[in-house]
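Chemist: One-letter residues, chain by chain:
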Amino acid sequence: MEESTYTFLLRLGDDSLILGQRLSEWCGHGPILEEDIAMTNIALDLIGQATNIYTYAAGLTPDFNDADALAFLRFEHQYLNAILVEQPNGNFADTLVRQFFFDAFRVPLFEHLQDSKDTSLAAIAEKSLKESRYHLKHSSEWVIRLGDGTELSHERAQLAVFDLWRYTQELFHMDTAEQKLLAQDIAPNLENLRGIWLETVETVMEKATLKLPTNQGFFGAGRLGRHSEHMGYILAQMQYMQRAYPGMEW
Amino acid sequence: MSSNEWPLWEVFIRSKQGLNHKHVGSLRAPDAAMALQNARDVYTRRSEGVSIWVMQSALITASDPKESGPMFEPADSKVYRHPTFYDLPDGIEHM
Amino acid sequence: METRTIEQLSENFQQKIDADIKIEPNDWMPDNYRKALIRQISQHAHSEIVGMLPEGNWITRAPSLRRKAVLLAKVQDEAGHGLYLYSATETLGISREETIDDLHEGKVKYSSIFNYPTLTWADMGAVGWLVDGAAIMNQVALCRTSYGPYARAMVKICKEESFHQRQGYEIMTSLMNGTEVQKAMAQDALNRFWWPALMMFGPSDAESKHTEQSMRWRIKRYTNDELRQSFVDATVPQAELIGLTIPDPKLRWNEERGHYDFGDIDWDEFWQVVGGNGPCNKERIEARVKAKEEGAWVREAALAFASKSKSRQN
Ligand SMILES: [Fe+2]
Ligand SMILES: [Fe+2]
Ligand SMILES: [Fe+2]
Numbered sequence: 001m002e003e004s005t006y007t008f009l010l011r012l013g014d015d016s017l018i019l020g021q022r023l024s025e026w027c028g029h030g031p032i033l034e035e036d037i038a039m040t041n042i043a044l045d046l047i048g049q050a051t052n053i054y055t056y057a058a059g060l061t062p063d064f065n066d067a068d069a070l071a072f073l074r075f076e077h078q079y080l081n082a083i084l085v086e087q088p089n090g091n092f093a094d095t096l097v098r099q100f101f102f103d104a105f106r107v108p109l110f111e112h113l114q115d116s117k118d119t120s121l122a123a124i125a126e127k128s129l130k131e132s133r134y135h136l137k138h139s140s141e142w143v144i145r146l147g148d149g150t151e152l153s154h155e156r157a158q159l160a161v162f163d164l165w166r167y168t169q170e171l172f173h174m175d176t177a178e179q180k181l182l183a184q185d186i187a188p189n190l191e192n193l194r195g196i197w198l199e200t201v202e203t204v205m206e207k208a209t210l211k212l213p214t215n216q217g218f219f220g221a222g223r224l225g226r227h228s229e230h231m232g233y234i235l236a237q238m239q240y241m242q243r244a245y246p247g248m249e250w
Numbered sequence: 251m252s253s254n255e256w257p258l259w260e261v262f263i264r265s266k267q268g269l270n271h272k273h274v275g276s277l278r279a280p281d282a283a284m285a286l287q288n289a290r291d292v293y294t295r296r297s298e299g300v301s302i303w304v305m306q307s308a309l310i311t312a313s314d315p316k317e318s319g320p321m322f323e324p325a326d327s328k329v330y331r332h333p334t335f336y337d338l339p340d341g342i343e344h345m
Numbered sequence: 346m347e348t349r350t351i352e353q354l355s356e357n358f359q360q361k362i363d364a365d366i367k368i369e370p371n372d373w374m375p376d377n378y379r380k381a382l383i384r385q386i387s388q389h390a391h392s393e394i395v396g397m398l399p400e401g402n403w404i405t406r407a408p409s410l411r412r413k414a415v416l417l418a419k420v421q422d423e424a425g426h427g428l429y430l431y432s433a434t435e436t437l438g439i440s441r442e443e444t445i446d447d448l449h450e451g452k453v454k455y456s457s458i459f460n461y462p463t464l465t466w467a468d469m470g471a472v473g474w475l476v477d478g479a480a481i482m483n484q485v486a487l488c489r490t491s492y493g494p495y496a497r498a499m500v501k502i503c504k505e506e507s508f509h510q511r512q513g514y515e516i517m518t519s520l521m522n523g524t525e526v527q528k529a530m531a532q533d534a535l536n537r538f539w540w541p542a543l544m545m546f547g548p549s550d551a552e553s554k555h556t557e558q559s560m561r562w563r564i565k566r567y568t569n570d571e572l573r574q575s576f577v578d579a580t581v582p583q584a585e586l587i588g589l590t591i592p593d594p595k596l597r598w599n600e601e602r603g604h605y606d607f608g609d610i611d612w613d614e615f616w617q618v619v620g621g622n623g624p625c626n627k628e629r630i631e632a633r634v635k636a637k638e639e640g641a642w643v644r645e646a647a648l649a650f651a652s653k654s655k656s657r658q659n
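Chains as they are written, first to last, in the numbering used here: chain A, 1 to 250; chain B, 251 to 345; chain C, 346 to 659.
Don't read these hints as lab results, they were simulated from the structure. This structure is a prediction, so every number in the text was calculated from the model and none was measured. Check the hints yourself; a few may be wrong.
[To be verified] With the C-beta cut set under 10 Å, the calculated list includes, among others, these residues of chain A facing chain C:
hint, residue
1, H29
2, I32
3, N41
4, S153
5, Q239
6, Y245
All residues carry an ideal CB built from backbone N, CA and C; glycine is no exception.
Bound conformation, chain A alone (with noise of 0.2 Å):
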């Protein structure tokens, strides 16, 4: 059991953790200064859900001792996020349909697991959900208004939305470890919330007017610890002082 809760805290906590890591790179360089200090503030709610998760997980294992060792000192193949949230800023259409895509998983994640018999995971939840909520109105109506804003905007939401889709079918992988959890009531299934994400997916594009593309994508193996070529350049920089200068407190 615990085993499969730590596997499925990983998934969570490595998504928030690289997705708030992508985010913070744009910090100090955003489109104006207001939409600068929004992102940076849906980085912080990321961090602050990648510490929380992290905490809890690391008493479930004997081999890293805090929050801080299991997001720095692991290698490339242990992180299980999925591989949309690693893929890079691009522009700002690229990074607010990321964004929109994993938000709009998120919220009806966090939806279930405020119920789930694990109570510190069911903690955990309900105060992110709060946050994601936040992130998804702020995100979807970004998605909006580039969308059916200037041409060149709409140009540029649309192929992000091509770009990106592919990369959003992994959300709802189910393993071994997702169905020991659904067995025990401490997580969702996550085919079952396909539906619900592509519906705020395609009440969203409508008003965007934007198209989804209609090939599934590709399946990603992120949450198998295999990753795009990304994801090595965002360790070497995150971890760069954890691996220059081992076991200092900082």
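Following the hints, complete the assembly by docking chains B and C with the ligands onto the known chain A.
Modeler: Chains B and C with the ligands in isolation, oriented as in the chain A frame:
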């Protein structure tokens, strides 16, 4: 110069239930919805508020400081609007 | 209504200033006062925004989750400070965009300290402790500045600044409690940032061309040298407490003055950096111009959407 500058909005925040909304500053936003969100992110990062109003700055009508005499001085003589105008008998300290 | 002469208005204006009555946006003010304010506040705003870059440089490499969150929140605060200050300049009749274009065209300066690179993690400590520390000296004094919107912005900024210097000092303290490598890293950061931090207060009073008028208008409340001295007096004991050595052989306590004496600032370096020849001047402005240009289509899209939704409502 490109003119893609967003309009200016004034932000008013109720810091807790029972208090008036108070002007806290301004920001730029393309529309009201985003002005509200930006106000939340810019002006309530340290839980400064429970309610936000935003209003486009251009819609505000302000009094002219040159006329501050006729506008505000008449009120200066209406001291009966202030509680300190009234004498209270000894023994009553709070009213 | 009677029309008053410029002389009467000016006299009246100075009387208000002398009585510490705040000047508000629609009040009459001398043209030079307005210009001086625009210059001072916009320089200050630009310093907040450009100042995000050297620290932003380390967000993705911060060594722990806590440090990452704190640094993000700190740099985000600086964006807010820039925003509050741009808002104050807007009350003087110049839009944020015009102000920013002046920066990008090199017409207005920002604090020269941000033209130095941040090379190690210890620089996050040195910047928070020294640079925010020096900024606070200035900003606390400016909470009582004569122009209302500027003073109110400063009050808000000072409230938020209080954690900035502490988090920087905390980073330095952790390093000084760490390994030899960490201690050396901290000392090296202090060595590089000490003198540029002293330069932040600007040229000495004898050289400063605006000081006298600014003091009379109360848009400045202390001279550059006074603020620099207070900073040195406050900072030296903090360095000693954690075992850092200030890189100034002439530094010593002067019992008679009740202040620290310190060595000569290399003003050539200061003017070089102010004049555009610092290590990072080019990168800093390029980054800001890039953000503005690459964001243009986003700002346009939001405006286009806003006007479409409006016409749909009607
Ligand atoms: Fe600041
Ligand atoms: Fe600061
Ligand atoms: Fe600052």
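Chemist: So which of the earlier hints does this model not fit?
Modeler: none
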